[in-house]
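There are 2 protein chains.
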Amino acid sequence: MKNQIGIGILGCGNVGSALVLLLQKKGIDFNIEKIAVKHINTQRADYIDTSKLTDDANSVIEDDKVDIVVELIGGISPAKALIEKALKKKKPVVTGNKELIAKHGIELTELANKNGVDLLYEASVCGAIPIVRLLKESLAGEDISRIIGILNGTTNYILTKMTEERLSFEDSLKMAQNLGYAEKDPTADIKGLDAGAKAAILGTIAFATNVDLNSVFIEGIYSLTTDDIDFATKNSLVIKLVGVIEKITDQKDNFGGQVSIRVHPIMISKSHPLASVRNAYNAVFIEGESIGEIMLYGKGAGGFPTASAVLGDILDASHNISLKTFNRFIKPKEVAMFNMDELSSEFYISVDVADEPGVLAKVAHIFGKNQVSIASMEQIGFGSNAKLVFFTHKAKELNMTTTVEELSALDSVRKVGSVIRVMTELS
Amino acid sequence: MKNQIGIGILGCGNVGSALVLLLQKKGIDFNIEKIAVKHINTQRADYIDTSKLTDDANSVIEDDKVDIVVELIGGISPAKALIEKALKKKKPVVTGNKELIAKHGIELTELANKNGVDLLYEASVCGAIPIVRLLKESLAGEDISRIIGILNGTTNYILTKMTEERLSFEDSLKMAQNLGYAEKDPTADIKGLDAGAKAAILGTIAFATNVDLNSVFIEGIYSLTTDDIDFATKNSLVIKLVGVIEKITDQKDNFGGQVSIRVHPIMISKSHPLASVRNAYNAVFIEGESIGEIMLYGKGAGGFPTASAVLGDILDASHNISLKTFNRFIKPKEVAMFNMDELSSEFYISVDVADEPGVLAKVAHIFGKNQVSIASMEQIGFGSNAKLVFFTHKAKELNMTTTVEELSALDSVRKVGSVIRVMTELS
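So the sequences go chain by chain: G and P.
Mind the numbering: the first sequence is residues 1 to 427 in my numbering, read in order.
Mind the numbering: the second sequence is residues 428 to 854 in my numbering, read in order.
If you are wondering where the hints come from, they were derived from the structure by calculation, not from laboratory data.
Cβ coordinates follow ideal geometry from the N, Cα and C atoms, glycine included.
This list has only true hints and no planted wrong ones.
Some, not all, of what chain G presents toward chain P, calculated at C-beta under 8 Å: (1) P130; (2) E137; (3) S290; (4) G292; (5) A307.
Derived pair list, reagent style EDC-like, types lysine to aspartate or glutamate, alpha-carbon separation capped at 16 Å: (6) P:K452 - G:D143; (7) P:K452 - P:D473; (8) G:K26 - P:E716; (9) G:K26 - P:D570; (10) G:K88 - G:E107; (11) P:K452 - G:E289; (12) G:K25 - P:E716; (13) P:K516 - P:D491; (14) G:K88 - G:D64; (15) G:K65 - G:E33; (16) P:K453 - G:E289; (17) G:K25 - P:D570; (18) P:K453 - G:D143; (19) P:K697 - G:E164; (20) G:K270 - P:E591.
Label-pair ranges, simulated between beta-carbon atoms: (21) G:I330 - P:K492: 22 to 32 Å; (22) P:N681 - G:T187: 37 to 47 Å; (23) G:N14 - P:K821: 31 to 41 Å; (24) G:S376 - P:K789: 57 to 67 Å; (25) P:K751 - G:M340: 39 to 49 Å; (26) G:L179 - P:G684: 34 to 44 Å; (27) P:D598 - G:S376: 32 to 42 Å; (28) P:L750 - G:Q4: 19 to 29 Å.
Please take these sequences and the hints and turn them into a complete structure.
The following block contains the structure:
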């Protein structure tokens, strides 16, 4: 290995400053040459050497003493152009930018490989959980059939509060905001967009394909109610927001070349390992032909956990520099995205109804006409609070959508509430 | 990469034959050149090409077409000599042999490095869980403070049955034997020896030191009773057999250079992620300065999960062959083993007593005299079934040992039952 590796850092927020501290602790192997920041005069932690700061990101990349560029700005612009510039100068890049990798990961990896250097992005998915390296290396020989991940800590915190303390969605969100888990504008978290980007990255790696983020089906958690939570609890189920990345197989378990990548709430058995992932923790549950099931659990966000993932990548890149090599790039295969309308799931559905004779018959008729078979039904409340709650057998998404539309149009139905996919096979 | 990598396999039991199938599925990159077996004429699965079988293990290593040697014989002899021979011939070795790696891992790794080849042993700890690579690579930059692992599936299965179905230890063991989880002679599992070897390997990697297996403190689960389990359940605790690998810090959290590596049952809060690891699953919970806490969960044994770990190592080794390199070897640092007598823990202790006035005073006197402070006490049963159950505050191991000896000598004490360390800080 070269005596000392020069590190250039773009961005010095939470993760960037944690990284500076971690690199200083590693000792003399690494030297932080330059740090690009937006505002040079912002007050910073005392371990940040202000003489290294610059507001010219290009100068960091151009600096001959910088061997590895670490991008911690986030977003597409100017991060993408800066990374491209670094790669073209044959400098390996380490990034934690999930949006950029989800949208342009393949293109940037190809550019990195063309220039014979690494582009590493462990920190872009689930902070301290080393899921990217696990999929790329330890499971390189594995035929992965499905990944189910709790990929967003904010929403998992909210769901934990709703479940354990029976708080409303709104109050749980407020608590998450007070603790700094959720941002002032929580849209990206509660609408599932953050989890969607991570699911796209995991799908790209697990199936060695190029997942278009726009083709990922995404549903958030903002419309879930305490009634939904209570009903799940009563049935020994837990509601989690998950990213599902899976191969679609037919009834004989044959893979026809299509994959489904989606983010939505699910109900799972409370004895499933994912069910016990509480608060702001993340977890990724992987099913594969030989390994059976494995799960990784840890902090998905935060300065130090994320910086630790960045540091792991820096060590990897500097090892490769010393060997004059770079990580394998697997040319993406064409894999078709499964049409969401055709996906079969069991469903939980809650329907607010007028409490009058014959309502159930009308509702049941619509289920039946759309080939949605009812597994169990329960009436909750009476009068103007009357609610019918159903579990269905496996039904196609499109049939369920039509069912919901037709139910909503019924006079005796006041409102169709939550529709949540149930994964009872996860026990 | 060389067009085709030749694989030589020593041993063709459960794991060996699963590996053959996995390699065949990988396609033309690998060619199984030779498989050494004890008895050539044993009936084998139809995908085993019998023309490759030999009962001369040396001939596998000597074969020029064999580029990588996979050792799946187990035990020290002849495995050690065969691995040494392969390494000296500059052939990388992949092994799943936990006993050998726990006892001679450092010596063999040094030999491998001297010859410029890899010695990889992911499969030696927790089957499909990629804990070895995680510690060596993803967490290479991490300051690990503690690892707590459920490292043995058999004992975890037994404890799950005892907890969930209130079966006795003996009946649970029989069920494990019927299912093939436990061997006819279950000593290595239920006495904690299997977990001890894995803990030694994890300690060696996590702290980059050379752990002497003989210095690992090991306690099994065979004397646990359903009363212990019931009392744990009543207090929202769960009993697990764990390997603990930790740095010993003083009250100001400073590390003084000593580590503790041990295997024993613990009581932990049922809300801790380790508590929900059921049946024959393994899990490793890692605490580090930057990462916070992460956990890996999966199948710790079985042909395919273990073969999958072996295959990951084979891919790694063949990648390194193509790059003409090998994995980093970290020269072990001298780290002192902490004296178990000095270890402070909270304890659960159950004492069968004569139900007569003044017993508690006599028992409490012995606790006090040995500086063991009682946190709570409860009497269970009456007359000849009377039992006092205590939780203590933190007390030194040596003081607890003396307490138990002195209690056992009391006339009013019929028997001192289980003594189990409690980790209440794991919530």
